[in-house]
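Use the sequences and the hints to build the structure in full.
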Amino acid sequence: MIDFADVTYRYPDGTNALTGASVSFQSGEITAIVGPNGSGKSTMARLMMGLLLPTDGRILVDEQDTRTTPASVIRRLVGLAWQNPDNQLVCGVVEDDIAFGPENLGLTTTEIAERIDEAEDLLQLGDIRTTSIHSLSSAQKQLVAVAGAMALRPSYLILDEVTARLDPSSSHRLLDGIRVWARDHRSGVIMITHHLSEVLRADRVCRLEALPSGGRVAAFGSPDEILRDAKHDDDVALESPLYDTIFRLEQNGVHLAGVPETVDELVEQLCR
Amino acid sequence: MSLNLEHIGVRAGGRMVLSDFCLQLEEGEWMAVVGANGSGRSTLAQVAAGLLKPRRGCVTFNGIDIWSRDGKPARARLGLVMQRAEDQFLGETVYDDLAFGLRQRRVAEPEVERSVEETLGLVGFDLQEVRGRSPLGFSGGQRRRLAIAAILVLQPKVLILDEPFAGLDCQARLDMVQLLEVLHRRGEMTILSLTTDLDFVMQANRLALLIDGKILLVGHMPDFVANRTLCREAGIMLPEVIRLALGLRERGWTVPILGSVGALESAIASQWGQRKHA
Ligand SMILES: Nc1ncnc2c1ncn2[C@@H]1O[C@H](COP(=O)(O)OP(=O)(O)OP(=O)(O)O)[C@@H](O)[C@H]1O
Ligand SMILES: Nc1ncnc2c1ncn2[C@@H]1O[C@H](COP(=O)(O)OP(=O)(O)OP(=O)(O)O)[C@@H](O)[C@H]1O
Ligand SMILES: [Mg+2]
Ligand SMILES: [Mg+2]
Chain A
1 MIDFADVTYR YPDGTNALTG ASVSFQSGEI TAIVGPNGSG KSTMARLMMG
51 LLLPTDGRIL VDEQDTRTTP ASVIRRLVGL AWQNPDNQLV CGVVEDDIAF
101 GPENLGLTTT EIAERIDEAE DLLQLGDIRT TSIHSLSSAQ KQLVAVAGAM
151 ALRPSYLILD EVTARLDPSS SHRLLDGIRV WARDHRSGVI MITHHLSEVL
201 RADRVCRLEA LPSGGRVAAF GSPDEILRDA KHDDDVALES PLYDTIFRLE
251 QNGVHLAGVP ETVDELVEQL CR
Chain B
1001 MSLNLEHIGV RAGGRMVLSD FCLQLEEGEW MAVVGANGSG RSTLAQVAAG
1051 LLKPRRGCVT FNGIDIWSRD GKPARARLGL VMQRAEDQFL GETVYDDLAF
1101 GLRQRRVAEP EVERSVEETL GLVGFDLQEV RGRSPLGFSG GQRRRLAIAA
1151 ILVLQPKVLI LDEPFAGLDC QARLDMVQLL EVLHRRGEMT ILSLTTDLDF
1201 VMQANRLALL IDGKILLVGH MPDFVANRTL CREAGIMLPE VIRLALGLRE
1251 RGWTVPILGS VGALESAIAS QWGQRKHA
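Residue numbers (the numbering used here), protein chains in the order written: chain A, 1 to 272; chain B, 1001 to 1278.
Honestly, the hints are just simulated from the structure, not real lab data.
Heads up, some of the hints might be wrong.
[Said to hold, decoys possible] Label-pair restraints from in silico Cβ distances: (1) B:Gly1132 <-> A:Arg58: 50 to 58 Å; (2) B:Gly1009 <-> A:Arg179: 35 to 43 Å; (3) B:Met1202 <-> A:Gly28: 53 to 61 Å; (4) B:Lys1053 <-> A:Thr130: 26 to 34 Å; (5) B:Val1182 <-> A:Thr15: 36 to 44 Å; (6) B:Pro1073 <-> A:Arg201: 23 to 31 Å; (7) B:Leu1258 <-> A:Asp13: 34 to 42 Å; (8) A:Val93 <-> B:Val1182: 29 to 37 Å; (9) B:Val1182 <-> A:Asp13: 26 to 34 Å.
Predicted model, so just to flag it, every value in this text is computed and none were measured.
The beta-carbon is built from N, C-alpha and C at its ideal position, and this holds for glycine as well.
Following this line, the structure appears as structure tokens:
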């Protein structure tokens, strides 16, 4: 469990990024973090990794306080794929890049090969395995960055808007791969996103709001609960054209059995 | 008066990313190019913006070859908002970053300040609040807005936007669409936007489908609906509400595909009622 207890973070230049956040992220669950731009999502990710330390309050990662535990210990537990993959990729060809992290953990060659195979398999990177990083398109770089983070097998994997620049088919490939990976290793996944469809497929949702005093946890619960209060709140920054339509249909007496995750599911439910 | 890409060829990584590529942007139009990952959007954006000199072909702006000896002023009228905002930041502070290009053009400082303040306002920032902060000390979505401001402040004639909506929250997307609409409607700017999906591009005058470095379709939403198999093969999704209408039609409903969202919703609501009774 990653446990935030009344955490406040202020950047050195005085910007308030997060105030009084108390929330916990379970291993074995996929938690989505949502909220408008500047509401403190990426800051929360940096805090979980021990890259930033709380200005106030404390964070425990599997019972270990990020303020007093060596960063190297925290970083074995918590992995991150960045909002911007170029910050993360090292060099060389794809499989060397994925191997870079596991090599630093001192694993055997067989173990390393196994992890590369697993990541490449889950994200279907076979055809670019020996391609050099600098000639990849940005989407491919994003997939490789996630593969590298997976290969470290952290107990918690944070994905900061990794699908933001992916087309729908690459997004699906990535999300499906992550799901299988999380299940196989019973890892926790923390997914920062602006996409409602990703929120609906999470086990748990943490919704932040942006206040002048910094980001604040406005709600924590199941996707259904979050959606329900989203209907009464304009400030959720989660609308999508489809869900606007669903809300309006409900207002016009069309009662659906559940919240559909895709257009096809909505069609199914309407036809039922 | 237009931006013209003629028979462009660009090679990278041992293959042609764009080959014999042609595109014409009329003055004052907004063209939206959609293409899947790796289809060549960023390469096209850089060629159109005069930041990448194509190996073959010619880019002209108002009839002037932008890579000829007299092409520099023409290139200065083209502005590209890059896919990664970070690639674009030039100043230590927000103010210096936005002032950079204007100062290079020897604009007087009071005028620089006025332009910077006005442009930051367009993307929802207050100069006094952000003036001394580093552009890198902003969140992902905020950086994107800053990057757009840094190009707008130079008042380009042609504004090229590579993935303008990535990383923006829903409200910020709507605000961005609205801003582009205003700039476009005022007729001051020709816009070329490049995205991976057809959501948020309804306001464009023309849509183009880019597949493996080639434009395979130019037209409007109905043309994309008619060619939906081609779109699907190219990895491009139609807007959600259109997919909903198409899906229901396949199941025997009578719903409008290209009408307003309101018309679709009332058609669904009334037929849902009828089906329940039946
Ligand atoms: N390095 C930094 N220095 C100073 N302030 C920062 C820094 N990074 C972020 N901030 C500020 O902290 C607040 C929270 O930023 P954060 O990046 O956590 O937001 P976010 O929720 O991830 O937003 P986005 O959806 O735009 O990525 C914002 O007001 C931002 O401007
Ligand atoms: N410097 C380079 N070396 C090798 N290949 C390259 C280079 N630049 C681009 N490419 C290849 O050219 C193709 C088009 O690249 P481009 O970046 O223009 O695509 P894109 O549509 O913008 O993709 P993305 O969705 O990743 O942003 C990609 O397959 C990419 O791998
Ligand atoms: Mg962020
Ligand atoms: Mg690109």
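Hints versus structure:
1. B:Gly1132 <-> A:Arg58: 50 to 58 Å: violated, 31 Å
2. B:Gly1009 <-> A:Arg179: 35 to 43 Å: holds, 41 Å
3. B:Met1202 <-> A:Gly28: 53 to 61 Å: For Gly28 of chain A against Met1202 of chain B, whose Cβ atoms are near 42 Å apart, the range 53 to 61 Å is violated.
4. B:Lys1053 <-> A:Thr130: 26 to 34 Å: holds, 30 Å
5. B:Val1182 <-> A:Thr15: 36 to 44 Å: The hint (36 to 44 Å, Cβ to Cβ) is violated, given that Val1182 of chain B and Thr15 of chain A are roughly 30 Å apart.
6. B:Pro1073 <-> A:Arg201: 23 to 31 Å: Once the Cβ atoms are compared, 51 Å apart, the range 23 to 31 Å for Arg201 of chain A and Pro1073 of chain B is violated.
7. B:Leu1258 <-> A:Asp13: 34 to 42 Å: Given about 49 Å between the Cβ atoms, the range is violated.
8. A:Val93 <-> B:Val1182: 29 to 37 Å: For Val1182 of chain B against Val93 of chain A, whose Cβ atoms are near 46 Å apart, the range 29 to 37 Å is violated.
9. B:Val1182 <-> A:Asp13: 26 to 34 Å: holds, 32 Å
Of the hints listed earlier, those the structure fails to meet are numbers 1, 3, 5, 6, 7 and 8, in rising order.
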